[in-house]
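Could you put together the complete structure from these sequences and hints?
Listed below are the residues making up each chain.
Protein chains: 2
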Amino acid sequence: MMYTIEELKALKQFYKNQLLHDTVPFWFPRSYDEENGGFLLMRDQDGSLIDDDKAVWIQGRATWLLATLYNTIEKREEWLKGAKLGYDFLMKHCFDQDGRMFFHVTRSGEPIRKRRYFFSETFAVIALAAYAKASGSKEAADYARTLFGSCLRYASGELQLPAKFMNTRPSKGIGVPMIMMNTAQQLRGIIGDERCDQAISNWISEIESDFVKDDIRCVMEQVTPDGRIIDHIDGRTLNPGHAIEGAWFILHEAKHRNNDPALIQLGCRMLDYMWERGWDKEQGGILYFSDVYGKPVQEYWQDMKFWWPQNEAIIATLLAYLMTGNEKYAQWHRMIHEYAYGHFHDRVHGEWFGYLHRDGRLAQTAKGNLFKGPFHLPRQEWYCYLLLDEYLRKTR
Amino acid sequence: MMYTIEELKALKQFYKNQLLHDTVPFWFPRSYDEENGGFLLMRDQDGSLIDDDKAVWIQGRATWLLATLYNTIEKREEWLKGAKLGYDFLMKHCFDQDGRMFFHVTRSGEPIRKRRYFFSETFAVIALAAYAKASGSKEAADYARTLFGSCLRYASGELQLPAKFMNTRPSKGIGVPMIMMNTAQQLRGIIGDERCDQAISNWISEIESDFVKDDIRCVMEQVTPDGRIIDHIDGRTLNPGHAIEGAWFILHEAKHRNNDPALIQLGCRMLDYMWERGWDKEQGGILYFSDVYGKPVQEYWQDMKFWWPQNEAIIATLLAYLMTGNEKYAQWHRMIHEYAYGHFHDRVHGEWFGYLHRDGRLAQTAKGNLFKGPFHLPRQEWYCYLLLDEYLRKTR
Chain A
10 MMYTIEELKA LKQFYKNQLL HDTVPFWFPR SYDEENGGFL LMRDQDGSLI DDDKAVWIQG
70 RATWLLATLY NTIEKREEWL KGAKLGYDFL MKHCFDQDGR MFFHVTRSGE PIRKRRYFFS
130 ETFAVIALAA YAKASGSKEA ADYARTLFGS CLRYASGELQ LPAKFMNTRP SKGIGVPMIM
190 MNTAQQLRGI IGDERCDQAI SNWISEIESD FVKDDIRCVM EQVTPDGRII DHIDGRTLNP
250 GHAIEGAWFI LHEAKHRNND PALIQLGCRM LDYMWERGWD KEQGGILYFS DVYGKPVQEY
310 WQDMKFWWPQ NEAIIATLLA YLMTGNEKYA QWHRMIHEYA YGHFHDRVHG EWFGYLHRDG
370 RLAQTAKGNL FKGPFHLPRQ EWYCYLLLDE YLRKTR
Chain B
10 MMYTIEELKA LKQFYKNQLL HDTVPFWFPR SYDEENGGFL LMRDQDGSLI DDDKAVWIQG
70 RATWLLATLY NTIEKREEWL KGAKLGYDFL MKHCFDQDGR MFFHVTRSGE PIRKRRYFFS
130 ETFAVIALAA YAKASGSKEA ADYARTLFGS CLRYASGELQ LPAKFMNTRP SKGIGVPMIM
190 MNTAQQLRGI IGDERCDQAI SNWISEIESD FVKDDIRCVM EQVTPDGRII DHIDGRTLNP
250 GHAIEGAWFI LHEAKHRNND PALIQLGCRM LDYMWERGWD KEQGGILYFS DVYGKPVQEY
310 WQDMKFWWPQ NEAIIATLLA YLMTGNEKYA QWHRMIHEYA YGHFHDRVHG EWFGYLHRDG
370 RLAQTAKGNL FKGPFHLPRQ EWYCYLLLDE YLRKTR
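Residue numbers (our numbering), protein chains in the order written: chain A, 10 to 405; chain B, 10 to 405.
I should point out that these hints are in silico values taken from the structure, not numbers from a laboratory.
Fair warning: this is a prediction, and the values are worked out from it, not measured in the lab.
Check the hints yourself; a few may be wrong.
One copy or two, either will do: identical chains are not told apart, so a pair holds if it fits within one copy or between any two.
25 angstroms max Cα-Cα, derived SDA-like pairs, lysine to any residue [what the hints assert, rightly or not]:
(1) Lys-264 - His-346
(2) Lys-173 - Phe-380
(3) Lys-25 - His-354
(4) Lys-337 - Ala-271
(5) Lys-181 - Thr-115
(6) Lys-173 - Phe-128
(7) Lys-181 - Asp-61
(8) Lys-181 - Asp-206
(9) Lys-21 - Phe-384
(10) Lys-304 - Asp-42
(11) Lys-123 - Ser-180
(12) Lys-123 - Val-185
(13) Lys-101 - Phe-37
The following block contains the structure:
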């Protein structure tokens, strides 16, 4: 069934309420580290701290969130103050002397681990851009653009990163074009950058020609550099939630480009293929990994339900519905919304649990750790709220 | 209840039958790669190949197993031939030019990945030693000793390996002293090496003083270099099956040293502590990870049942029972034996599944992959069979 305008209004209100009265208050202001800057985000279900270390990805994401709330929802001083804590910590403690960023640091900012890829950097780009807009800092804006330039050079291979694998069986992942596309979309949307449009077009072309396989209705997670399937365990492993995230980045780009029909069609194909492969027909929710040919995968949590693939599917189905009016997407959005808020939301302490077993039982209680923090859930609630708000304004 | 002699005889026969008529025939000879040497071990439940890549750890372990069967069970030419295939592949394809070994190679031996630790090397030491004894090759014996010498220098830090973490929060794992102890025990038992006794004593002292925490009845997986608990997520994470494996390595050493009472007591303490923390009182079997203080851990498969912790617990409880006569260990051995053979054994195609959910449901069907192969299960059946055989001879 299609959504009625009344239902869409209620959904808009629901996402806004959850964002501002449930999700964000779980994290802030209690996570502000007034002493060292940055945020203390590794928390158990009741908000108690399980570790005072800082994951650099999530320091950047939290900074982006707070500045973005300030930029787009309401000019609350508390949010700007939080964004500044994050910005200061990132700039002061999270860069190594070679210009690359760490992955994991102590509370006071001493480095624990640096990894061989540049995702700390991409999250810092959006953090810096959002903070620049919120604060008016020209320094932050300049550095966001400089760092985005480094990311462009890492992504193109012009700047080499240390290799994890030998060069026997070269491969590339969909992660790089996806995350770069979203980084560029954010940078362009927040402070503007003339490099973004062309680069986004190139990444979308790469995804379409190399990762999307229409003959088998699939979006690959990894392929050879020229886009062929690698028939080994790693190469066959699919990540439906990730591909669905890629689908909505492309739908978002279609919207930005005046509802470009080719991009709408591409985003919907990717969503269709990976909903078929990722939606758990028996128990509901999006499964974590599967094998393109149905063989066993290496990763042990393949049939668990993690929070973030549900967030991505909620955004993707809503966006697809509002852009196409196809009733199927309203149906899928209802299914994933009900499953996710029914199973992941913690009605006692707020926010979502991160990790459920396939049948929906809680696997563990952490709300924040090295990989989970205030990002996928608040981003989903923020994005869906603004999307519905815009849609309802236009159709009023 | 204590085991009767009749029950022990039946157990001995059971392990021998499983080893020779169920486990080993699942793998061999069909996994022999006559074309390239080595073994094709990444197999689904029915034995069909899911990947023709080769995991170097498991190439070494399979070589050790085949040579050890030849050395200790029966002089079957087929086993010696298999051991030679493994030996040739290890020597020809698995070493990098710097003398370190790869972790993952293609079927024909081209390197895919090299990791930052030396466990490929420790498994190669026992493979080479066992093959040296089986074949009489002096070259293999010499290289086993040379490579063990390199491992000693990696373990002591005299030879530096690339670091995964910065030096902000130094830590050490129980894995190095454990695996080195077992490597030295094998080397000493198979071809003899005068460095082993003293080194084993040192590793046992290190485990006892730095990793075993009597005040909280726990064996830590990681500590500071001077043996303190690191109160962060990683530092708090326990691996009961791994610690129970360490317990039986120490009980094995106690047996080698004329039933040294201090070592028996240490091995039993470690088993007691980690049985309490690892045995699933609700559903049976040994759980994968837990937190020393009951907080959430980072790893997502923490409450799954993997095959190998069950194998280690079967050995440890049987060894503890036969060495101490303590009825508790007979009871524990019955519990883990019944759980494991009841849930993991594949009655249709032979061998064990590797990965169950906490409640015993099958999580995925692979029998062999990058980490599972012909090692923990056949080693357990081989070790328990020989242990019971020796015990029954002595008490006849």
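For each hint, the structure was consulted:
1. In the homo-oligomer, the alpha carbons of Lys-264 and His-346 lie at most 25 angstroms apart inside one protomer (22 angstroms), although the nearest pairing across protomers, at 60 angstroms, exceeds that limit.
2. In the homo-oligomer, the alpha carbons of Lys-173 and Phe-380 lie at most 25 angstroms apart both inside one protomer (20 angstroms) and across protomers (18 angstroms), since each shortest distance falls under that limit.
3. In this homomeric assembly, Lys-25 and His-354 come within 25 angstroms of each other (Cα to Cα) only inside a single copy, at 15 angstroms, whereas the closest approach across copies is 51 angstroms.
4. In this assembly of identical chains, Lys-337 and Ala-271 lie within 25 angstroms of each other by CA distance solely inside one copy; the values are 19 angstroms within and 69 angstroms between copies.
5. In this assembly of identical chains, the alpha carbons of Lys-181 and Thr-115 lie at most 25 angstroms apart only when taken from different copies (18 angstroms versus 32 angstroms within one copy).
6. In this assembly of identical chains, the alpha carbons of Lys-173 and Phe-128 lie at most 25 angstroms apart whether taken from the same copy (15 angstroms) or from different copies (17 angstroms).
7. Taking the closest pair of Cα atoms, Lys-181 and Asp-61 come within 25 angstroms of each other only across two copies (21 angstroms); inside a single copy the shortest separation is 34 angstroms, beyond that limit.
8. For a Cα distance limit of 25 angstroms, the shortest separation of Lys-181 from Asp-206 inside one copy, 22 angstroms, qualifies, whereas the shortest one across copies, 48 angstroms, does not.
9. For the identical chains of this complex, Lys-21 and Phe-384 are intra-copy neighbours only, at 19 angstroms inside a copy versus 56 angstroms across copies, given an alpha-carbon limit of 25 angstroms.
10. In this homomeric assembly, Lys-304 and Asp-42 come within 25 angstroms of each other (Cα to Cα) only across copies, at 22 angstroms, whereas the closest approach inside a single copy is 46 angstroms.
11. In this homomeric assembly, Lys-123 and Ser-180 come within 25 angstroms of each other (Cα to Cα) both inside a single copy, at 22 angstroms, and across copies, at 16 angstroms.
12. Proximity of Lys-123 and Val-185 under a CA criterion of 25 angstroms is satisfied in both settings, with 18 angstroms inside one chain copy and 23 angstroms between copies.
13. Taking identical chains as interchangeable, the C-alpha atoms of Lys-101 and Phe-37 lie at most 25 angstroms apart only when both belong to the same chain, with a minimum of 22 angstroms there against 58 angstroms between chains.
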